[in-house]
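Here are the chains, one letter per residue:
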Amino acid sequence: MLDPRGPRFAAALTTVVVLLALTFSSGWLMLAQAVVFGLTAFSVRLGPYGLLYRWLVAPRLSPPADLEPAAPVRFAQTVGLVFATVSAIGYFTGLPVLGIVAASFALAAAFLNAAFGLCLGCEVYLAYRRLVGRPLTARVPASR
Amino acid sequence: MGLTGLFAGAAVLVAALGFGLFHRSRAGKLVAARVVFDFASLGVRPGRVTLLQFSSAFCAPCRAVRVRCASLASSSDVDHVEVDAESHLDAVRSLNVWKTPTLFIIDASGNVAGRIQGVPTLEQLRSAIGVVHA
Numbered sequence: 007m008l009d010p011r012g013p014r015f016a017a018a019l020t021t022v023v024v025l026l027a028l029t030f031s032s033g034w035l036m037l038a039q040a041v042v043f044g045l046t047a048f049s050v051r052l053g054p055y056g057l058l059y060r061w062l063v064a065p066r067l068s069p070p071a072d073l074e075p076a077a078p079v080r081f082a083q084t085v086g087l088v089f090a091t092v093s094a095i096g097y098f099t100g101l102p103v104l105g106i107v108a109a110s111f112a113l114a115a116a117f118l119n120a121a122f123g124l125c126l127g128c129e130v131y132l133a134y135r136r137l138v139g140r141p142l143t144a145r146v147p148a149s150r
Numbered sequence: 029m030g031l032t033g034l035f036a037g038a039a040v041l042v043a044a045l046g047f048g049l050f051h052r053s054r055a056g057k058l059v060a061a062r063v064v065f066d067f068a069s070l071g072v073r074p075g076r077v078t079l080l081q082f083s084s085a086f087c088a089p090c091r092a093v094r095v096r097c098a099s100l101a102s103s104s105d106v107d108h109v110e111v112d113a114e115s116h117l118d119a120v121r122s123l124n125v126w127k128t129p130t131l132f133i134i135d136a137s138g139n140v141a142g143r144i145q146g147v148p149t150l151e152q153l154r155s156a157i158g159v160v161h162a
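Taken in sequence, the protein lines are chains A and B.
Using the numbering used here, the letters of the first sequence correspond one by one to residues 7 to 150.
Using the numbering used here, the letters of the second sequence correspond one by one to residues 29 to 162.
No wet-lab data here; the hints were simulated from the structure.
Given the structure is predicted, the values throughout are model-derived calculations rather than measurements.
C-beta atoms are modelled at their ideal positions from N, C-alpha and C, and glycine is treated no differently.
Honestly, I wouldn't trust all of these hints.
[As the list claims (entries may be wrong)] Residues on chain B that point at chain A, a partial pick, calculated with CB under 10 Å:
{"no.": "1", "residue": "G33"}
{"no.": "2", "residue": "A43"}
{"no.": "3", "residue": "L45"}
{"no.": "4", "residue": "G48"}
{"no.": "5", "residue": "F82"}
{"no.": "6", "residue": "C87"}
{"no.": "7", "residue": "A88"}
{"no.": "8", "residue": "P89"}
{"no.": "9", "residue": "P129"}
[Stated by the list, open to error] Which chain A residues stay away from chain B? Per the calculated CB distances, all over 10 Å, these:
{"no.": "10", "residue": "L58"}
{"no.": "11", "residue": "R66"}
{"no.": "12", "residue": "F98"}
{"no.": "13", "residue": "T99"}
Required output: the full structure, derived from the provided sequences and hints.
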């Protein structure tokens with residue numbers, strides 16, 4: 007279980023990093039962001055932005071009023087990992103349009119999460135399942 | 029590419045801001061819905077006012093809705109039924125559910141009194157139930 011303000015803080019940092027990557031057409035920044043996504047998807051506790059939040063921000067705030075589960079965050083970070091990786095590949099292989107488009111999706115998702123707490127997975131996951139009719143291969147909570 | 033990336037980023041932020049504001053303005057509000065559906069197949073008890081919640085696995089707000097509905101159900105005369113949307117795709121299609129969490133307010137005769145997208149406040153939930161009881 008997580009302090010929900012941690013992922014919001016991480017999303018704000020992600021927004022800034024991706025915006026910088028877009029501004030400077032930087033494959034290296036997108037690659038760094040992809041590593042951050044990957045680490046956080048692997049274990050939310052290992053997420054670099056989450057560590058920053060726990061070390062620098064959380065001690066200055068009151069304890070969280072409620073906690074949120076880690077699974078949705080890991081899912082979102084996995085989706086972010088895909089977009090950031092595609093974007094980095096685009097920049098590195100001389101396909102800057104691919105880099106820009108993929109980074110734009112990551113930017114929209116991160117900004118919506120940071121500014122509104124909006125869960126893009128909640129918006130699109132069921133629509134995906136309706137249209138495709140097939141489950142995503144992913145880890146789901148066993149207690150259902 | 030020069031400024032293309034910066035322009036793309038700015039355009040994405042403006043579009044996302046618009047979407048976010050629109051989304052926030054609709055969240056938690058009771059919307060009229062006219063559907064005929066056999067809710068008993070989803071575990072809704074006849075003769076009971078029911079909050080029927082569609083959730084999905086990677087949905088943090090679904091948890092918030094669950095907590096709120098459960099607390100309301102324990103303190104008043106309504107049922108809370110939560111179903112996993114992706115294992116009930118037929119119901120999801122019939123009821124035109126596209127996102128989670130989606131909440132249906134069902135009256136004692138099994139008719140839909142309305143639906144709520146996103147996380148309603150306890151106040152919004154109470155007034156939605158008030159519509160049914162009135």
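Check: With 10 Å as the cut and Cβ atoms as the points, is L45 (chain B) at the interface with chain A?
Finding: holds (7 Å)
Check: Is the nearest Cβ of chain B still more than 10 Å from the Cβ of T99 (chain A)?
Finding: Answer for T99 (chain A): holds, closest chain B Cβ roughly 14 Å.
Notebook entry, point to check: Given G33 (chain B) as an interface hint, is the shortest Cβ-Cβ distance to chain A below 10 Å?
Noted result: holds (4 Å)
Notebook entry, point to check: Does the claim that F98 (chain A) lies outside the interface with chain B hold up, using a Cβ gap greater than 10 Å?
Noted result: holds (14 Å)
Margin query: Does F82 (chain B) hold up as a contact with chain A if the rule is Cβ-Cβ below 10 Å?
Written below: Because about 8 Å separates F82 (chain B) from the closest Cβ in chain A, which is inside the 10 Å limit, the hint holds.
Checklist line | When the least beta-carbon distance from A88 (chain B) to chain A is tested against 10 Å, hint result | finding: holds (4 Å)
Next item on the list: Taking the shortest Cβ-to-Cβ distance between L58 (chain A) and chain B, state whether it exceeds 10 Å.
Entry: holds (21 Å)
Check: Would you say R66 (chain A) is clear of chain B, with no C-beta pair closer than or equal to 10 Å?
Finding: holds (24 Å)
Checklist line | Interface restraint verdict for P129 (chain B) against chain A (beta-carbon cut-off 10 Å) | finding: holds (7 Å)
Margin query: Checking hints one by one. Is A43 (chain B) an interface residue toward chain A, by the C-beta closer than 10 Å rule?
Written below: holds (7 Å)
Checklist line | Agreement of hint P89 (chain B) with chain A interface, Cβ distance less than 10 Å | finding: Holds: closest Cβ of chain A sits about 6 Å from P89 (chain B), inside 10 Å.
Item checked: Restraint check, 10 Å cut-off on beta carbons, for G48 (chain B) near chain A -> Check passed: Cβ of G48 (chain B) comes within 4 Å of chain A, closer than 10 Å.
Hint compliance for this structure: every hint is met.
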